Amino acid sequence: MRRKQVLSLFMLVLGVAFLVAATTVATAGSATKKAGSTEAAKGGTLKLNESNEDFDYVDPQIAYRTDDWAMLNLTSMPLVGFPEKAGVAGTQLYPIGATAFPTVSKDGKTYTFHIRPGLKFSDGSTVTAAAYQRAFERVLSPKMGSPVGVNIHFETEIVGADKFLAGKASKISGVSAKGQTFTVHLTKPNATFVSQMGMQWFTATKPSTPYSSQGLNTFPSAGPYYISSRDPGRSTVLKRNPNYKGTRPANPDEIVITPNVDPDQSLLQVKSGQADLDIAGVVPTASASLGAQYGVNKSRFYVGPTSCVSYMSMNTLKPPFNNVALRKAANWAIDRPAQVRLLGAYAGKRTDQVLVPGVPGYKPFNVYSLKGANVAKAKEVGGAAIASAPAINFVHTTSQVSTNRAQVAEYNLKQIGFQIKDVPTPSTTFYQVVGSKTTSYNFTSNGGWCADYFDPYDYLNVLFDGRTIQANNNVFYTYFNNAKWNTQIDHAASLSGAARASAYAKLDQELMTQYAPVVPYLVLNDVFFTSSRIHNWIYSAYFGEPYYNALTVG
Amino acid sequence: MTQFLIRRLFWAVFLFFVATIITYLIFWVIPTNPAQLAAGHAASPEFLASIKHRLHLDKPIWFQYYYFVENLVVHGSLGQSFINRESVDRIIGKDAPVTASLVFGGAVLWLSLSIPIGILSALRPRSILDRITMTGVLIGISAHPVWIGLILSFLLGYKLHLTPIAGYCNFFPGAPGAQCEGPVQWAYHLILPWVTFMILFAALYVRLVRASVMETMSEDYVRTARAKGASQRRVMVQHVLRNSLLPVVTILGMDLGLALGGAIFTETIFNLPGLGHEVIQAYGANDLPVITGVVVFSTVCVIVFNLIVDVTYGFLDPRIRPS
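So the protein lines, in turn, are chains B and Y.
Going by the working numbering, 206 is the number at position 206 of the first sequence; the sequence numbering is gapless.
Going by the working numbering, 822 is the number at position 268 of the second sequence; the sequence numbering is gapless.
Hints listed in this document are in silico derivations from the structure and should not be mistaken for laboratory results.
Incorrect hints may appear among the rest.
Unchecked claim - Have a look at the derived ranges for each label pair, beta carbon to beta carbon:
1. Y/701 / B/296: 28 to 34 Å
2. B/99 / Y/701: 55 to 61 Å
3. Y/737 / B/468: 26 to 32 Å
4. Y/701 / B/468: 48 to 54 Å
Being a predicted model, the structure only gives us computed values, none of them experimental.
Just so you know, even glycine gets a beta-carbon here, dropped at the ideal spot from N, CA and C.
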């Protein structure tokens, strides 16, 4: 062989040798690490993936997504919260930062909490009533950019909050903090106020925490964990709070969350043990095989309900869906099982009502067809109005999932005689299109709601009170406004206990039997798969995720 | 040479403005609502108006472009992410080294493989080696990087446990929250991404080197050198290689510049937090400043690398040295 050929071949072999050497060295290193690691039940590092996304914010007074809240639950010390218990027990609020549920004045407008003594933030500073006052201020301050409190009209609930939001006051006059006593004065009685205090926005916040429209990435926390580092888009690391002395579990030493992972790669990592869990769930195509292999909720493969209901909305301001008969016809026409099948095995449970299991007032009923489209009944209910109806502007976003959902629903509506004009709309403009009162949309297959707090008010009042309709930025797109209904939901909101639950159960059914502004079709499940070293699975239906602080590694 | 460099610099600046105008027009004129995206869809009308004013979206479009360029040139700022309001400069500063790790490491591998294989193939046309090489090239060009990456991570990462399935480690230790760091872990986590990234380019470069060497070997001056008694080694190194590598240099410069804009597929599959991965996330979240920033950065890289290629040409071949 000539010298130049030997040289060329030598270079080739050298390049390959480097590759093999790096693999061997690193494999030996990792094999040694694998062989040497046997971790105790408490302790260890919990390695979580979050496929396709990252937390949008980790600042508790800005974060508003379910996964944000599930993570922030590990760091939070709210006045009241949900215990790390499975099933119905996990949906019952109990005092966490407060010594007990608040005392309420006779007029129902003043709530007084006593803060538990001895609580400390992760930096060693003491938790006092001022910490909760600070949370209220950050939820409503215009210096926070787009304050989240506006989403639940909090500025109208608390005395002086509207002036504070408008920048006309430096403090919220209706909120006072003296030592360990925290008092809130409401503008009117609100039976959901205590439930609202369970939201992550109202966690104890160190009084010196600055306002930030960008959101803080690290801050002192009073819960079992604190965020020790955050690199947006790359990692979020939580460590056990050394100053936490409460009863909530804090099993892993450290929790590392890696976002934006490809979901298929994430599943492989969990299967091989390179990661423990993907908090975004399991790819729908893998659910059936994992369920068959591991069983459901036995080991490694878990399915749990959420507080989320998916529904399709109809614009009740414009023809044809200003006609209640046609809205009911749509409810009979939509094939709910087909919609669930689109999302894969264990995706959820079919429904034709807005309230979900676990919410007080939920009482299952069966008004429309859950077994499939009932074309004959839909035509009967719609009658001649279907044929004379104008073409429906069917708006949906352009993701694969949304497009599939829309195609099936359009087919269902065409089957009973509607004319459809498909309007695919990028998600960048979707909310502008449907959220404006003068919108041209008639029907959208995008839509749904997850509980901010476990109370039927958060569904039936927040979503269907027509008096909250504004020109733009509406959160619900039916534009449904009925005076009788408004009176009824006001009355239900004024009740408490069993009477309240009973009133809302009746309203839930009435909404669909008499008005039908939406087509509910699914109560979502969350599906998870864990590595073999994860144990002590306790699932939260409120967060739609397990309690990560309760998981044990090893 | 100085005149040449000055001329090229002016041309580079002109290209930069053309690219930024096109980028700006594409991303800021399409029917989205940047103010709504920045403010959040539940923003109050007052806050929305203040955001619109802050982003100069209430001004004419030429004014908006002026502010965009002024911000970029005077303050060196590409704005802030709509999603987490992090500085786009900082995002690119964090992500560019990851993409550079992938691109330059992959380039070393693909050149190490493609040049010797291309030469061997050119020296033995239509031999068994040549035919095997060309079949491999066809596969390398045809197979999508996503498919290659998934297959490699499934076989080598999941089944054989030889490499990590995905993830990145910093080369330099000390980053807060890093779960792995140091040169060894950095290289270990990049093995599969390097191999995935380089397969397509190696296939292309094998063909390029083979064709170029074959063409150069048939030149008159090569025949003359042989006739004058030069050894095969001298003929190859002094005459053939130096001339046949010119197209490789040209393409390499362009490929590196383009790839630095983001090796999107490879970074997404292996969860490498580089520019390609960032722009995909930004696209999904409609984070326009980040998308614009990555495009501007890519443009600058292409311009710079083309400039380097032009200068390198002069050193490789005195005939085309600018005078």
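message: Please list, smallest to largest, the hint numbers that this structure does not respect.
response: Violated hint: only 3; rest satisfied.
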